[in-house]
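Numbering (my numbering), first residue to last: 4 to 104.
Because the hints were derived from the structure by calculation, they are not lab data. Owing to the predicted nature of the structure, the values given are computational and were not obtained by experimental measurement. Every residue gets a Cβ at the ideal spot worked out from N, C-alpha and C, and that includes glycine. Treat each hint with caution, since some may be false.
Each computed BS3-like pair below joins lysine-lysine, with the alpha-carbon atoms no more than 30 angstroms apart [unchecked claim]:
#, residue 1, residue 2
1, K23, K67
2, K51, K67
3, K70, K23
4, K51, K70
5, K23, K51
6, K23, K62
7, K62, K51
Pair by pair, the computed Cβ-Cβ distance ranges are [as the list claims (entries may be wrong)]:
#, residue 1, residue 2, range
8, L60, S14, 17 to 27 angstroms
9, D86, W41, 15 to 25 angstroms
10, P43, E69, 21 to 31 angstroms
11, D93, D45, 29 to 39 angstroms
12, V95, A28, 34 to 44 angstroms
13, I44, D103, 30 to 40 angstroms
14, A5, K62, 11 to 21 angstroms
15, G79, G15, 15 to 25 angstroms
16, N6, P46, 34 to 44 angstroms
17, I44, V104, 31 to 41 angstroms
18, F29, D86, 20 to 30 angstroms
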Amino acid sequence: MANIIHIFGASGSGTTTLAKAIHEAFGHTHLDTDDYFWTPIDPPYTIKRTPYERQELLKADIAKNEKCVISGSLCGRNDSWGDIFIPLFDLVIFIDTPTDV
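Please put together the full structure from these sequences, using the hints given.
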């Protein structure tokens, strides 16, 4: 099994569900990109972290874990804050879920 897995797809496509299943089956630490993108505040999802903050937080968590599964989009977007992590991925999974599911 790969040490660093990235799972991405549209919102609601099942990236978090698959990441949690990999965590349960293989022991990978589950890291969700929303936890890095947004400042933890109430109400949630209202204040974005800077790209630098996101990168530093994710770098630290990857370094702390021998194997991890990252769910959510972090590469190839408008600000592409996660593109620096692409060389670290051992396995990338794109989930394409039909909208009628």
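Broken hints, by number: 12
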